[in-house]
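Using the sequences and the accompanying hints, generate a full structural model.
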Amino acid sequence: MARDFKKRFIVSTIVTIPLLAMSSTIQDWLGFTIPRFSGYDLILASLATLITVYGGWPFFKGARKDIQKGLLGMMVLVSFAVITGYLFSLASTFIFTGVADFYWEIGTLIDVLLFGHWMDMRMTQRATGAVEELVKLIPPTANKKFDGEFKEVRTSEVGVGDILLVRPGEKIPIDGMIVEGGSAVDESMITGESKPVTKKKGDEVIGGTINGNSSMQIRVEKTGKDTALAQIIDLVERVQESKPDTQKLADRAAHYLTIIAITVATITFIYWNYVAASEMVFALTLAVTVTVIACPHALGLAIPTVTAISSTLAANNGMLVQNAEALEIGEKVNTIVFDKTGTLTEGKFRVTEVHLAAELTEEELIRIAASIESQSEHPIGLALKIEAEERGIEITSPDYFEAIEGQGISAKMDGDKYLAGTSKFIISRGLEIDQSLNEKADELSEAGQTLSFLTRENSLIGLIGFADQLKSSSIMAVRELQRMSMQVIMITGDNQKTAKAIAEQAGVDEYYAEVLPKDKADKVRELQDRELKVAMVGDGINDAPALIQADIGIAIGAGTDVAIESADIVLVKNDPQDVSKLIRLSKATMQKMKENLAWATGYNAFTIPIAAGILRPWGITLRPQWGALIMTASSIIVVLNALRLRGLNLSSE
Numbered sequence: 001m002a003r004d005f006k007k008r009f010i011v012s013t014i015v016t017i018p019l020l021a022m023s024s025t026i027q028d029w030l031g032f033t034i035p036r037f038s039g040y041d042l043i044l045a046s047l048a049t050l051i052t053v054y055g056g057w058p059f060f061k062g063a064r065k066d067i068q069k070g071l072l073g074m075m076v077l078v079s080f081a082v083i084t085g086y087l088f089s090l091a092s093t094f095i096f097t098g099v100a101d102f103y104w105e106i107g108t109l110i111d112v113l114l115f116g117h118w119m120d121m122r123m124t125q126r127a128t129g130a131v132e133e134l135v136k137l138i139p140p141t142a143n144k145k146f147d148g149e150f151k152e153v154r155t156s157e158v159g160v161g162d163i164l165l166v167r168p169g170e171k172i173p174i175d176g177m178i179v180e181g182g183s184a185v186d187e188s189m190i191t192g193e194s195k196p197v198t199k200k201k202g203d204e205v206i207g208g209t210i211n212g213n214s215s216m217q218i219r220v221e222k223t224g225k226d227t228a229l230a231q232i233i234d235l236v237e238r239v240q241e242s243k244p245d246t247q248k249l250a251d252r253a254a255h256y257l258t259i260i261a262i263t264v265a266t267i268t269f270i271y272w273n274y275v276a277a278s279e280m281v282f283a284l285t286l287a288v289t290v291t292v293i294a295c296p297h298a299l300g301l302a303i304p305t306v307t308a309i310s311s312t313l314a315a316n317n318g319m320l321v322q323n324a325e326a327l328e329i330g331e332k333v334n335t336i337v338f339d340k341t342g343t344l345t346e347g348k349f350r351v352t353e354v355h356l357a358a359e360l361t362e363e364e365l366i367r368i369a370a371s372i373e374s375q376s377e378h379p380i381g382l383a384l385k386i387e388a389e390e391r392g393i394e395i396t397s398p399d400y401f402e403a404i405e406g407q408g409i410s411a412k413m414d415g416d417k418y419l420a421g422t423s424k425f426i427i428s429r430g431l432e433i434d435q436s437l438n439e440k441a442d443e444l445s446e447a448g449q450t451l452s453f454l455t456r457e458n459s460l461i462g463l464i465g466f467a468d469q470l471k472s473s474s475i476m477a478v479r480e481l482q483r484m485s486m487q488v489i490m491i492t493g494d495n496q497k498t499a500k501a502i503a504e505q506a507g508v509d510e511y512y513a514e515v516l517p518k519d520k521a522d523k524v525r526e527l528q529d530r531e532l533k534v535a536m537v538g539d540g541i542n543d544a545p546a547l548i549q550a551d552i553g554i555a556i557g558a559g560t561d562v563a564i565e566s567a568d569i570v571l572v573k574n575d576p577q578d579v580s581k582l583i584r585l586s587k588a589t590m591q592k593m594k595e596n597l598a599w600a601t602g603y604n605a606f607t608i609p610i611a612a613g614i615l616r617p618w619g620i621t622l623r624p625q626w627g628a629l630i631m632t633a634s635s636i637i638v639v640l641n642a643l644r645l646r647g648l649n650l651s652s653e
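Note that the working numbering has the sequence shown beginning at 1, numbered continuously upward.
By construction, these hints were calculated from the structure, which means they are not laboratory data.
Since we're looking at a predicted model, the values are computed, not measured.
Any given hint could turn out to be false.
[What the hints assert, rightly or not] Straight-line Cα separation of at most 35 angstroms, DSBU-like style, residue types lysine-lysine; simulated pairs:
no., residue 1, residue 2
1, K518, K332
2, K136, K171
3, K500, K518
4, K573, K594
5, K332, K348
6, K136, K200
7, K497, K424
8, K6, K69
9, K248, K225
10, K332, K500
11, K497, K573
12, K225, K587
13, K417, K348
14, K385, K523
15, K201, K385
16, K348, K412
17, K523, K248
18, K65, K6
19, K440, K424
20, K440, K348
21, K594, K136
22, K69, K248
23, K200, K348
24, K573, K523
25, K500, K573
26, K348, K497
27, K497, K332
28, K573, K145
29, K385, K573
30, K6, K61
31, K332, K587
32, K201, K136
[Said to hold, decoys possible] Distance ranges between label pairs, derived from CB positions:
no., residue 1, residue 2, range
33, E526, E204, 37 to 43 angstroms
34, R479, I10, 53 to 59 angstroms
35, A447, G212, 38 to 44 angstroms
All C-beta atoms in this analysis are idealised placements derived from N, C-alpha and C, irrespective of residue type, glycine included.
Here it is, written out as structure tokens:
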């Protein structure tokens, strides 16, 4: 599009040169004359027609589309000004006599408009060129294995299951899994993580990231639109096309501004031509200048350029924004709710305590617990499996397994029925926990451990304690948010004592304990009923209802899985400090939007009266070309202001 405006600008400018030379006004100004000859006026009109039709075509086409959609905007105003001036000039040439033409004004106006739009588009493309930059991350070729040898092929020819060789320093061509070798991979362009990530056999790698100092072979897992980078590109494009509420407000303002501009232009013409008794050409000049200078181009660019840059900045820092409104709402958030497991904590449980309540050994209790939990997706199940492996205990699968969300499990194995879960879950099944085990449970809970009681055939057989370590960055993340005047709340299914211990370690302002996954959304709603703006941070899976209920749902540690429908924003890294970065970006984004809107509206309020001739008594008037230059300058200022977002440091205030 920018190339088209450039071409039309060059052609129109070349044609404008003889048009200017043949204009009687320009000849009077510069003190030269061109003898008039037969067909002189026809040539003048033909040159003006060529410029108007060829140079003005993009504006006419845009105006037609806007009118068909019921919109009034910049293209309508520009077209109105150009067509009015052109038709007036034709009439002055072939119908009226003794009335000066307006050809040179229209020719130079179109030239300036084309130049302005060309510059605008270059600036806007610079601001919104994220997609092109992301596309460049994919190398054009890859080293594919053929009969034991590697040959260079185009990346587009690679398919799922192919084996590729990635040499040191090369870009990884496509998403895959390491089947041989290992290396440190620079994933900063995808996740924003500056430190190289160590990868070994069996680990997944992302296309577009850079291999470190070792060769490795990968098996292609995804191609085309299924790759992480393709999904991120699609997401960035969708966000840039979406309209936040502020953009909708700007669109409505542009619509009414167009109506105001046409009205003021009409009044200006009537006043100067009939009331002030000025020449018709002068009145028309001011009327056209009003319509040009009032073009809501800056208003139209004020929000989209900021949205494009902020969504790109977010993606470059491992924050994938699903819709533009999320960044807008983020500025109003005053409460952050963290799910505990896997968000504030590592989510990697380990067995720390084993207490027996029956004639069993620790190994037997671990074997039973690991076996009945072997089909569980909860981190506790994985912790038991690891503990069994470390102790050399062989586990089996249960004959029957049922997970009771947020409470525990029920299973059958070797003819016996087992329960495992929280004390509340065990008691709800009509079983009692003896005093000594209760005291031990209280002690472990106060130390921040998660507990699992085990029963067999309605008899308590043991208690296992699990520790889930607080992330090293969680305390700093909470402090950063509190420094930003955020209320930080933790929500968990753990009992009160365990929740209190973790909450105190993390330093949160408030916590909710013993909350089932299905009830987390109710807790978020309670906070909203207190007129709080809530951002919910979770894994996007078992707390999906809460993410949807929150004003902003943030899925953390999702890697490159951007297809989490419950989340407004996906944080690639499993780092709670990225939440403060997100809030900081949101506030900066809204600040730039407000600055751009203030400039765009203030510019019109200031320049329209001047264009209408209010300073005429002091000898100051604006011609259409100057109006077009001022309008272009205001648009470029808006884009330049948006570009300042690129220098934002998300790691500090």
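Given the proposed pairing of K500 with K518, does the C-alpha separation stay at or below 35 angstroms? holds (21 angstroms)
Tell me if the straight-line CA distance from K65 to K6 falls inside 35 angstroms. Roughly 22 angstroms between the alpha carbons, so the hint for K65 and K6 holds.
Are the Cα positions of K573 and K523 separated by 35 angstroms at most? holds (26 angstroms)
Are the Cα positions of K573 and K145 separated by 35 angstroms at most? holds (32 angstroms)
Within a Cα-Cα threshold of 35 angstroms, do K136 and K200 meet the stated pairing? holds (26 angstroms)
Hinted pair K348 and K497, Cα distance within 35 angstroms: Answer holds: K348 to K497 is near 20 angstroms, not above 35 angstroms.
Taking 35 angstroms as the top limit, are the C-alpha atoms of K497 and K332 close enough? Holds, because 33 angstroms separates the two Cα atoms, which is no more than 35 angstroms.
Under the criterion that the straight-line Cα-Cα distance not exceed 35 angstroms, is the pair K332, K500 satisfied? With a Cα-Cα distance of about 28 angstroms, the restraint between K332 and K500 holds, given a limit of 35 angstroms.
Are the Cα atoms of K6 and K61 separated by 35 angstroms or less? holds (17 angstroms)
35 angstroms Cα cutoff - pair K248, K225: holds (30 angstroms)
Take a quick look at whether K497 and K424 sit within 35 angstroms of each other, Cα to Cα. holds (13 angstroms)
What's the verdict on K385 and K523, does the C-alpha distance respect the 35 angstroms limit or exceed it? holds (33 angstroms)
The structure is consistent with each of the numbered hints, conforming to all of them.
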